[in-house]
Amino acid sequence: MVTHIEPKRVYLAVFAALMVLTVLTVWVSYFDMGDLSIVVALAIAVTKATLVVLFFMHARHSPRLTKFVIAAGFCWLVILIGLTLSDYFTRTWLPLPQGW
Amino acid sequence: MSEHTAVAAVEHPAVLQHQFDDLEQQMDASTLGMWVFLLTEIMFFGGLFAAYTVYRAAYPEGFAAGSLRLDLMLGGLNTVVLIASSLTMALAVRAAQLGKRQDLVAFLSATLGLGLVFLVVKVFEYHHKYVERLIPGPNFFFDGPHAAQAHMMFCFYFAMTGMHALHMVVGVGLLTYFIAKARSGRYTAQYYWPVEVMGLYWHFVDIVWIFLFPLLYLIGHRGVH
Amino acid sequence: MSTVLTAPPVETKTNYLNESYGIKSWLLTKDHKRIALLYLAAITFFFAVGGFFAVLIRLELITPAGDLMQPETYNKAFTMHGVMMIFFFLIPAVPAVLGNFLVPMMIGARDLAFPRINLLSWYIYMVGGVFTLYAMVAGGVDTGWTFYTPYSSTYSNTQVMATAIGIFILGFSSILTGLNFIVTIHKMRAPGLTWFRLPLFIWAHYATSVIQILGTPVVAIAIVLVGLERAFRIGIFDPKLGGDPILFQHLFWFYSHPAVYIMILPSMGVISELVTCFSRKKIFGYGFVAMSSVAIAVLGFLVWGHHMFVSGQSVYAGMVFSILSYLVAIPSAIKVFNWTATLYRGSISYQTPLLYALGFIGLFTIGGLTGLFLANLAVDVHLHDTYFVVGHFHYIMVGGAIMGYLGGLHFWWPKITGRLYPEGWARLSALVLFVGFNLTFFPQFILGYLGMPRRYHAYPEEFQVLNVMSSAGASILAVGYIIPMIYLIWSMRYGKPAPANPWGATGLEWQIPSPPPSYNFEKTPVVTEEPYVYSHEEAQVV
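Sequence order for the protein chains is A, B and C. Per our numbering: the first sequence = residues 1 to 100. Per our numbering: the second sequence = residues 1 to 225. Per our numbering: the third sequence = residues 1 to 542.
Wrong hints could be hidden among the right ones.
Claimed, not checked - Straight-line C-alpha distance at most 30 Å; calculated DSBU-like pairs for lysine-lysine:
id, chain 1, residue 1, chain 2, residue 2
1, A, LYS67, A, LYS8
2, B, LYS129, C, LYS13
3, C, LYS30, B, LYS181
4, C, LYS496, B, LYS181
5, C, LYS24, C, LYS13
6, B, LYS181, A, LYS8
7, C, LYS24, C, LYS496
8, A, LYS8, B, LYS129
9, B, LYS129, A, LYS67
10, C, LYS13, C, LYS496
Just so you know, the hints here were simulated from the structure itself, not pulled from any lab data. Keep in mind it's a predicted model, so treat the numbers as computed, not measured.
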């Protein structure tokens with residue numbers, strides 16, 4: 001059984017990074033960046049989530065299969081949201097018929 | 001892997017279940033099982049996130065207006081609390097790996113405490129919303145433009161944070177069980193992985209919040225006060 | 001162990017059936033084989049309930065006038081028929097019964113990875129069933145099995161909540177079964193059993209489990225939102241409050257389209273086993289058949305919008321979904337061609353399981369090809385919500401999934417019970433089923449093409465002849481279901497004792513006694529060759 005034991009300081013460093021990113025995401029929300037603000041907010045959230053997955057959840061030292069499962073989760077989330085939005089974002093391309 | 005017989009399995013330590021050949025196989029199966037379960041959780045919350053995306057794209061003003069009515073202080077506090085609980089959870093797993101029973105109990109208890117703090121803060125927030133009549137439904141009252149759109153925003157606020165809180169409650173229950181087991185010395189350096197598997201669940205719930213926080217609390221442009 | 005020269009008599013040998021007795025030993029069992037039998041009993045019950053509603057529907061449709069039932073009652077009848085058959089029978093049928101019984105055995109394991117979770121999933125299934133049965137006796141539900149909003153969330157005054165709760169709970173049963181299979185197939189294969197030595201039944205179940213894992217949670221959250229909307233009038237799907245009812249259809253079909261593959265894929269796995277065994281040949285193109293299961297599972301998630309071509313979905317999204325839908329035809333066709341190629345020049349013996357397999361191949365082909373009609377945007381505008389759709393999905397689900405289920409049940413019946421079923425009766429009922437099925441559902445294609453809409457209890461007179469044909473076929477179909485039910489139960493007591501391998505089949509499950517001992521294998525088997533190493537000479541079928 002191969003158990004990788006992470007040193008304590010790694011966890012503390014990750015925690016510090018997560019705190020910094022939390023402050024950052026609040027701070028940038030005070031600036032009006034238009035459509036960009038959601039991109040920035042999500043980018044920071046994805047970074048934070050990646051840190052948690054890699055370090056706290058030990059995905060870094062996990063077998064390939066685990067990484068595959070994580071990737072599958074991400075892909076299917078993209079399928080679900082992406083294909084749903086493919087409907088909503090193209091609905092207005094054609095003018096609605098009379099009576100709607 | 002040489003010869004594995006049903007008889008040989010009986011001679012293994014008491015924690016080994018009969019269907020497995022050895023502890024390593026059991027650990028691998030448990031860990032994979034939890035990851036696959038988290039996959040279903042991703043899709044469960046994914047449905048909510050998809051619906052959220054659709055409405056936020058349709059009603060940007062209302063979502064922004066509604067978001068400004070959320071308490072950024074309490075939301076931020078809860079974010080810190082939950083990330084801290086993830087840290088203690090990770091340290092608890094580490095203590096389990098090292099077979100340090102005292103540390104394990106202490107870190108699990110800290111995680112439990114932080115989880116409870118989160119839930120208490122959430123109750124306060126929900127109560128404020130109740131007082132301010134921001135609970136979706138016939139009694140909803142929003143003074144300002146885009147009231148109907150803000151109503152939709154609060155639907156998602158309660159559906160998403162409510163679903164998340166429900167997962168927290170389950171996590172708190174699991175932690176209580178694990179603390180009791182850890183006290184009785186159930187987990188050793190060889191048999192540490194149940195703690196890790198439970199930790200995966202806890203971290204996942206933390207990740208959901210990492211997304212909920214900016215998507216709910218930080219939409220509206222608050223400007224510089 | 002003392003040296004005994006004579007083999008112990010067969011009756012005293014302990015197996016999973018006689019190892020312990022009493023109701024408790026069954027209700028608290030963690031043995032995957034016993035849990036499979038618990039499922040068998042449960043799904044047979046729900047099949048009978050769903051069948052009862054089918055009888056009501058076909059009786060009503062014998063005459064053009066709505067004379068047997070009120071329109072509201074008819075709505076409830078077809079809703080309960082759909083709910084019972086889809087959620088409580090088709091989705092669990094092959095995985096929960098045959099899969100539960102066979103997956104550990106086929107990979108040389110003593111049990112599934114999580115036996116307690118396996119038992120739990122049966123109880124969850126039963127609790128979901130109780131809620132839905134309650135909804136049925138407390139007045140029924142009339143939304144159709146699809147629960148479309150805003151009718152289900154705002155307007156329907158029937159037992160939507162109880163049914164929704166029942167199906168929400170049931171979903172967890174499906175998820176846990178899928179989770180168990182995935183972990184078991186990954187982690188518990190016998191030494192030497194590499195991925196490309198796995199029986200195709202296992203590949204099919206793996207693909208099915210992936211769908212169960214990824215799809216079911218989404219329909220669960222959709223149902224939660226409908227429940228919240230009904231309970232608190234929050235308006236997520238209510239256009240009056242700014243909600244979009246079509247969003248529900250997206251979330252619903254994200255699961256419910258792949259759910260069709262939950263129903264058909266395990267049966268496809270069964271067919272691969274049957275076709276090889278009864279033609280005494282290696283499967284043609286093993287890798288293609290295995291990968292086509294995975295491809296169906298993945299592509300199945302990309303096509304859900306083809307249920308929504310006329311719902312108000314964007315036409316551009318409709319185009320994308322239409323093109324993607326055609327892609328599913330590729331792996332499906334690969335399977336059909338490869339089964340046919342396997343049969344080609346095989347030493348075919350027309351035993352009952354093969355009759356079902358041949359029935360499956362023919363009917364699934366018709367069901368699949370008519371699916372292509374429906375995947376076509378323009379044609380679907382004409383055919384949407386007509387009996388053409390009803391005919392199409394019954395060809396897939398009844399002609400496909402149930403044929404596979406019954407074929408598999410017959411094939412493994414000697415292994416499950418240790419008894420042989422009466423071959424003559426079995427062949428007869430397979431033929432009766434095939435005839436009855438086609439007579440029931442083929443006229444529905446014509447009806448739909450002529451424009452008869454589904455879900456109406458009355459119809460214009462010119463449709464009567466075809467409807468009478470359909471109802472007559474349904475009564476033959478019913479006979480075809482009742483005969484096996486009788487002789488299979490009869491055979492459990494009076495059937496001839498089955499040898500370990502009555503079909504001369506390959507596969508690990510045939511190397512252990514019938515019925516198998518509790519932990520399946522006394523010694524973990526070591527696998528040294530590919531599956532389906534049949535040769536024409538050793539055709540020694542009982």
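Inset, instruction - Hint by hint, work out which the structure violates, then give me just those numbers in ascending order. - result: Checked against the structure, the hints that fail are numbers 2, 4, 8 and 9, while the rest are satisfied.
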